[in-house]
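Protein chains in written order, with my numbering: chain A, 2 to 159; chain B, 6 to 297.
Simulated from the structure, these hints should not be mistaken for laboratory data. Remember, predicted model here, so these are calculated numbers, not experimental data. Take these hints with a grain of salt, some might be off.
Claimed, not checked - One side only, chain B facing chain A, incomplete, derived with CB under 8 Å:
no. : residue
1   : Met6
2   : Ser8
3   : Phe9
4   : Glu10
5   : Phe11
6   : Leu42
7   : Gly58
8   : Met97
9   : Asn107
10  : Asn112
11  : Gln113
12  : Ala260
From the three backbone atoms N, C-alpha and C, an ideal C-beta is built for every residue, glycine too.
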Amino acid sequence: MSGHKLSLVVNGERVEADVPSNRLLSEFLRDDLALTGTKRGCETGVCGACSVLVDGDVVKSCLSLAVQMNGREITTVEGLGRVGALHPLQQQFMEKGGLQCGYCTPGFLMAAVDLLKRNPNPDDAEIREGLSGNLCRCTGYQGIVDAIRSTAEAGHGA
Amino acid sequence: MHSFEFMEPTTLAEALRLLATHEDDACVFAGGTALLLAMRQRMMVPEIVVSLGRLHDLRTIGWTPAGGLRIGALARHGDVARSELVQQHYPMLAGVAAGLANPQVRNQATIGGNLCYADPATDPPSCLIAMGAEVTIAGPDGERRIPMRTFSVDFFTTALEPGEILTGILLPPPDPQRLGHYRRHLRTAAEHRPVANVALTARRVGSAWDEVRLVVGAATPSPQSMTRAEAYLAGRAITLDVAAEAASLVAEELAPISDGRGDAAFRRQVVRAATRRIVAEAAGLDWKETAA
Chain A
2 MSGHKLSLVV NGERVEADVP SNRLLSEFLR DDLALTGTKR GCETGVCGAC SVLVDGDVVK
62 SCLSLAVQMN GREITTVEGL GRVGALHPLQ QQFMEKGGLQ CGYCTPGFLM AAVDLLKRNP
122 NPDDAEIREG LSGNLCRCTG YQGIVDAIRS TAEAGHGA
Chain B
6 MHSFEFMEPT TLAEALRLLA THEDDACVFA GGTALLLAMR QRMMVPEIVV SLGRLHDLRT
66 IGWTPAGGLR IGALARHGDV ARSELVQQHY PMLAGVAAGL ANPQVRNQAT IGGNLCYADP
126 ATDPPSCLIA MGAEVTIAGP DGERRIPMRT FSVDFFTTAL EPGEILTGIL LPPPDPQRLG
186 HYRRHLRTAA EHRPVANVAL TARRVGSAWD EVRLVVGAAT PSPQSMTRAE AYLAGRAITL
246 DVAAEAASLV AEELAPISDG RGDAAFRRQV VRAATRRIVA EAAGLDWKET AA
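Start from the sequences, fold in the hints, and give me the full structure.
Set out below in structure tokens:
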């Protein structure tokens, strides 16, 4: 129906776009901006694969409309680190076996960023609670918990 | 998802005008986490979506010693959980907000949206009723204020009239003599929605309680005050036997729902156990002592 002019910042870059009102944020990121690191999993708010940061807070992009993002700042996994300059969490996910197929990993990384921002030294129970909006069917979660704990222990929590 | 007009009023008056103009074609959008799912499943197909996202005044949480707490309807669950005011003066509510759904949803979903959607499988309504909350509602003819216990009417039904918008939640000033406890039961630890919850507040008078509020949520179409158990508990010294008797009264009075997540008999037993435990816990007793 109606198009909406959108002005926002994605991974540090200003983006101007024209989106229909029924465009989900997950669709906008993947299909309009080609930021395919953000995954579509269940698309019903359960799996967390589509998690991104909006103004620093982790949210599920399948439960958000693109039009809600006018004036906001979004960070996707592409904004976290690059090959050769990985984010400490990405490095630890590799070293601790925090992933296998990798589909859920971007969502877990974004949830972990939010968790460590609020609680730089979480215990294992707090880590697991912080990941309660994300599903992984490969790792059994232990490698993910280990990766986040070791990131925090290395002082990268804040 | 179907096409719709997305409108973002910048004042409450403008939002109320849009609702009055578009009547049944319009629906109010707060955090959107529940509404978007309903729209994508075509359970709701509004032509006009009126977003309250720009009504920043409705997002604030304020407290005065004499007036108590006012939570703007658009405060997110995470805002409520992390609010120092709420943590300090209303720890029961802070705890409930911190355990809702999951971190992502707590960063998106609003307390007002939660109350207006009136999905029974949630925690804030029973908690707020037990805390003696009131809500403020804006409409074409001004603002009205009603007790939270009359706001939750039925399954997905509230006391909101067409064209009205929930604006805030009011909690009375904290009473140091009033105790507050909350228990929620999930079918599995990985689930985000309770199958039953129990909220209890009461004023301590010596070794007994009065003004007891015992409210069951999620197990019924809308939160239910357990009036027989409330009356029974008032003025009585609380022992494990008293807790067990209160639990039996609740199990008798309760009219639980049956659904795919649990039938009525299961929910009745869960609520019975939860009631015995919460009463014992609130009286400083170890409910495990008589676990059988």
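TODO: Starting from the hint list further up, note which numbers the structure goes against and sort them upward.
DONE: Hint check: 8 and 12 fail, others pass.
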